[in-house]
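Enquirer: Next come the chains, spelled out residue by residue.
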Amino acid sequence: MADPITKDPTSYLSHLELGEPDKTFLDSNELIINMGPQHPATHGVLRVILKLDGEKVLGTECVIGYLHRGVEKIAENRTYTMFNPYVDRMDYVAAVSNGLGYCEAVEKLLNVQAPPRANYIRVILTELNRIASHQLWLGTHALDIGAMTPLFYTFRDREEILKIFEKYCGARLTTHAFRIGGCQYETYEGFEADVKKFLDFFPPKIDEYEELLTTNRIWVERTVGVGKISAADCKALGVTGPVLRASGVKWDIRKALPYANYSEFDFEIPTGQNGDTYDRYMVRMQEMRQALRIIRQAVERIPEGPIMAKVPKVMKPPVGEVYHSIEAPKGELGYFIVSDGSTQPYRVRVRPPSFVNLQALDIMVRGALVADVIAVIGTLDIVLGEVDR
Amino acid sequence: MLDYITSYLGMNTTPGQAGNIFWATVYILVVFGGVSVAVMAMNWLERKALAHFQIRLGPMRVGPHGLLQPIADAIKLFTKEDIIPAEADKFVFWIAPLIILCASFTVYIVVPFGPTHAITDLNIGILFMLGVSSLSVLGVVMAGWASNSHYPLIGSLRSSAQMISYEVAMGMAVVSAILMTSLNKTGTGTLSMIGIVQAQQEQQVWFLFKFFPLGLIAFIIFAIAMVAETNRAPFDLPEAESELTAGFHTEYSGLRWSLFMLGEYAAMIAVSSIAVTLWLGGWMRPFPNTLSGETWDLVFSLVPGLSFLGLALIAFIGVARMPKHAYFRIQTIGLAGFGAVLGLIGLALFAPPVRDRIQDIFWFVAKVAVFMYLYIWYRATFPRYRFDQLMKVGWKVLLPVAIGVLILTAIVGVIF
Amino acid sequence: MTPVATPFFFYLLSGLTLVSGVLVITRKNAVHSALALIFGLLAQAGLYLMLYAPFVAGVQIILYAGGIMVLFLFVIMLVNLERSQKEAQFNKQWLVGLLAAGALGGLFVAVYMRGQGLFPEHAPLPLEGSNTQQVGVLLYGQYMFAFEIASLLLLVAIIGAVVMAKKRI
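Chains as they are written, first to last, in the numbering used here: chain A, 5 to 393; chain B, 50 to 465; chain C, 24 to 192.
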């Protein structure tokens with residue numbers, strides 16, 4: 005645990021005010037426990053150092069970086085089109101959203117508009133991906149709290165979405181679905197039929213998940229009042245996404261700063277009141293239903309037309325910078341791209357929602373019990389690929 | 050020799066009470082062997098049922114539909130390396146699983162499979178069962194301590210705290226059932242297991258339905274407490290994998306771990322037997338008072354044979370659905386053989402002499418099997434309670450309700 | 024029901040109790056002592072059974088072996104006892120201790136020899152089946168007051184323990 009440069013053994017934990025390190029577990033009241041990078045419940049390689057008093061959490065420290073792959077540095081040595089597949093690998097659960105954000109950011113830089121048909125396809129695939137991401141969240145979160153079965157149900161239903169992705173672009177998870185300027189692939193024969201079949205297939209499944217969990221008294225006791233965060237704290241930390249909305253703030257970038265053609269669709273922003281784990285659960289369940297609503301409107305109105313705008317083969321955006329953010333399933337995903345006029349960007353900085361949301365972990369678990377830490381990590385819906393990049 | 054056997058079959062007490070050492074030994078071997086087989090069957094059923102709840106198939110390869118999976122698991126566990134932690138106390142480490150195993154198996158001495166089908170009938174039967182099953186707490190505490198690592202220690206302390214908390218509520222619920230045994234004509238209650246079922250027979254009602262809803266509430270309290278007592282979901286925080294501590298049996302590997310599992314399943318079957326005896330009428334057939342009479346007796350006596358024939362039918366349907374490929378030939382033959390054995394047992398159960406004797410044992414085992422299925426169902430459906438919520442449920446919810454039911458049962462019993 | 028092999032079981036159970044007692048005081052490891060004590064208590068339950076008191080035997084198992092000894096084990100395991108294991112087994116006062124133990128033993132033997140007439144040769148065997156009922160009738164009838172006082176004492180102890188430990192929760 006020593007800082008590699010200064011060799012100070014307690015530098016990582018300085019703010020936790022460590023006492024004598026030789027005291028045994030049975031002698032002292034306070035205990036430092038390491039939920040190491042390998043843990044069944046930390047959703048990736050996240051290391052959380054907990055300072056406990058018996059069972060109560062006094063403080064936490066997250067150590068990240070176990071999945072750092074230097075994506076932003078790699079971007080400086082790739083052309084804009086070559087960087088597109090790397091973006092999927094950050095939040096690998098919601099790869100389509102990542103691609104959408106990046107393509108739209110570069111389109112802003114190039115001052116190019118994607119054609120309407122491309123926008124419709126983008127919205128449909130992004131909302132399908134939102135549902136898939138929330139389903140994975142639900143399965144793993146329920147598994148952490150102890151309910152084994154919803155995991156299998158959500159993964160089975162997620163298969164339908166992944167089949168659509170596979171038929172569309174050949175990949176299930178890291179889809180690389182969009183290109184700068186629009187979409188590369190035309191929708192396949194039967195795309196609308198498949199999506200409509202999914203729209204009929206899925207609502208009873210959400211009801212099935214809710215039946216298992218929403219009124220289950222054990223679930224309610226494990227999640228109500230656990231991991232509370234107030235709206236003011238959320239805003240101070242920059243927390244976005246369902247976490248912010250569950251604290252009562254009605255902020256969704258799809259409504260506030262619309263991108264693609266979200267302003268043409270009619271949908272609601274679900275919010276919660278208390279900002280606890282149960283509200284975040286309800287918000288995400290409602291978001292899945294709203295996503296279905298958007299897809300239904302989109303799939304009925306897909307216009308004909310080109311799917312790709314006129315984009316130069318060798319992309320040299322003018323000198324400048326752009327920040328473009330979208331509402332990814334986990335929160336505000338932002339891309340800050342600085343171009344120096346060459347084919348490769350000067351700097352690509354990704355604002356991952358999970359990275360910023362993870363800061364809220366400390367506030368949420370102060371005073372809670374150890375079992376709640378695992379529930380809260382699950383409810384923040386973090387993906388380490390995004391946190392570490 | 051044959052006369053000896055047939056003369057025994059006409060006896061009207063348990064062999065323990067009669068002081069018959071030979072038959073007592075035979076019964077002991079049969080019961081303990083039966084429990085071991087039941088534990089293995091429970092292992093298989095858990096994996097298959099849990100898998101089907103989760104829309105997957107479970108073990109399918111080792112034997113047809115995974116029927117030989119428990120044997121494969123047992124062989125694997127026996128041949129694993131026996132790891133003992135470096136600083137562990139070897140004697141205590143060795144004896145802890147043995148204590149749990151012995152405590153869980155000793156209670157089967159008094160479990161009543163029929164009016165004369167028990168190893169013995171202690172006149173403190175239920176007290177003995179509760180007391181000896183509470184000895185397994187010692188094994189849990191020692192297992193955690195002997196592992197010399199603070200995660201198992203935390204897990205074992207939590208697990209034992211949970212077990213002793215729910216024993217109190219269990220005891221209260223049991224006492225209210227015992228109160229009901231004293232309401233028969235002679236006016237004296239009894240603690241003996243066979244006596245409790247005989248009291249239900251005399252009063253012609255399962256204690257579940259007596260003084261409705263008091264019997265039902267007492268039963269529900271016991272049903273919840275027994276799940277917590279055996280550390281099963283939703284009360285399995287001390288041995289859950291996604292929690293911080295992996296439980297008191299972390300450091301145990303191979304054969305020792307299998308002893309823990311054996312003890313846990315045996316304890317599950319034992320407390321289910323208590324529940325069945327006290328509230329569900331033990332070996333009595335369903336509806337003893339509303340559907341009484343010769344014809345109904347006959348109808349119900351056909352149920353064992355029919356149920357085995359039903360199982361054989363399911364096995365043969367499985368045979369018909371097996372893929373017709375050379376690789377599956379052995380499995381198909383095995384499953385067909387298994388179905389044939391079940392069918393033969395079913396046919397044998399139709400013969401009148403067997404039919405009359407097997408009634409009690411069958412109904413008792415069927416009721417316990419329902420409880421086993423419920424255990425698996427709970428594990429598949431419910432999330433886990435946090436530890437402080439678990440203790441709160443035990444002390445602040447179950448115990449006051451149990452005491453209330455006890456007082457009300459006593460009052461109602463005196464009045465009526 | 025006629026008893027089977029009474030002398031054998033008596034000597035076996037009392038021998039086990041004696042051996043457990045010796046192990047309790049001679050083991051260095053406190054957990055081993057507690058285990059030996061559990062074993063001795065279980066053997067004593069067997070002795071109660073031989074005296075036709077099954078209820079007392081059952082209660083001995085539940086309360087003593089299953090309750091009080093668990094409490095002992097909790098305390099032993101939560102307190103760091105390594106220091107005591109390094110202490111010497113016999114201290115300097117072993118001669119005085121031996122004399123005192125010998126005197127006590129001589130007193131017991133003297134009482135037994137002198138008082139043999141007090142114990143009847145063949146005590147009437149109580150009905151085994153009614154031990155629970157008799158204990159219940161006595162406890163809740165004749166000795167009701169003492170029973171209530173004992174339960175009040177236990178209640179005070181529980182409340183005291185909770186109050187003392189409460190700060191650390």
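Hints listed in this document are in silico derivations from the structure and should not be mistaken for laboratory results. Quick caveat: nothing in here was measured; it's all calculated off a predicted structure. Where a beta carbon is used, it is the ideal one built from N, C-alpha and C, also for glycine. Mixed in with the good hints there might be a few duds.
[As the list claims (entries may be wrong)] Calculated lysine-lysine pairs in the BS3-like style (CA-CA distance at most 27 Å, straight line):
1) 232/A to 51/C
2) 60/A to 445/B
3) 115/C to 55/A
4) 112/A to 320/A
5) 259/A to 232/A
6) 445/B to 209/A
7) 200/A to 167/A
8) 232/A to 445/B
9) 232/A to 254/A
10) 441/B to 51/C
11) 259/A to 60/A
12) 254/A to 239/A
13) 97/B to 259/B
14) 112/A to 209/A
15) 55/A to 232/A
16) 373/B to 60/A
17) 259/B to 55/A
18) 55/A to 77/A
19) 232/A to 97/B
20) 60/A to 115/C
21) 232/A to 77/A
22) 51/C to 139/B
23) 115/C to 189/C
24) 445/B to 189/C
[Stated by the list, open to error] Under 7 Å between C-beta atoms, here's a sample of chain C residues computed to sit facing chain B:
25) 53
26) 73
27) 74
28) 157
29) 159
30) 179
31) 183
32) 187
[Claimed, not checked] Sample of chain B residues lacking proximity to chain A, with all beta carbon distances greater than 12 Å (derived):
33) 251
34) 283
35) 420
Enquirer: Hold the hint about residue 53/C up to the distance rule: shortest CB distance to chain B must be less than 7 Å.
Expert: violated (11 Å)
Enquirer: Could you check if residue 157/C really has its C-beta closer than 7 Å to a C-beta on chain B?
Expert: Not OK, violated: residue 157/C not within 7 Å of chain B, min 12 Å.
Enquirer: Is it true that the CA of residue 200/A sits at most 27 Å from the CA of residue 167/A?
Expert: Holds, at roughly 14 Å.
Enquirer: Do the alpha carbons of residue 60/A and residue 445/B lie within 27 Å of each other, as the hint requires?
Expert: holds (21 Å)
Enquirer: Take a quick look at residue 283/B and tell me if its Cβ sits farther than 12 Å from every Cβ on chain A, holds or violated.
Expert: Not fine: 6 Å to the nearest Cβ puts residue 283/B too close to chain A.
Enquirer: Next pair to validate is residue 55/A with residue 232/A; report whether the Cα-Cα distance is within 27 Å.
Expert: holds (19 Å)
Enquirer: How about residue 73/C: closest beta carbon in chain B under 7 Å, or not?
Expert: violated (14 Å)
Enquirer: So if I understand the rule, the pair passes when the alpha-carbon distance is 27 Å or less; does residue 232/A with residue 445/B pass?
Expert: Holds - the C-alpha atoms of residue 445/B and residue 232/A are around 25 Å apart, at most 27 Å.
Enquirer: Compare the distance between the alpha carbons of residue 60/A and residue 115/C with 27 Å, and conclude whether the hinted pair is satisfied.
Expert: The hint is violated at about 47 Å.
Enquirer: Run the distance test for residue 112/A versus residue 320/A: straight-line Cα separation, threshold 27 Å.
Expert: holds (13 Å)
Enquirer: For the pair supplied as a hint, residue 259/B and residue 55/A, confirm whether the alpha-carbon distance does not exceed 27 Å.
Expert: With a Cα-Cα distance of about 53 Å, the restraint between residue 259/B and residue 55/A is violated, given a limit of 27 Å.
Enquirer: Would the non-interface assignment of residue 420/B survive a Cβ cutoff of 12 Å against chain A?
Expert: holds (20 Å)
Hint compliance for this structure: hints 1, 3, 6, 10, 11, 13, 14, 16, 17, 18, 19, 20, 21, 23, 25, 26, 27, 28, 29, 30, 31, 32 and 34 are broken, all remaining hints hold.
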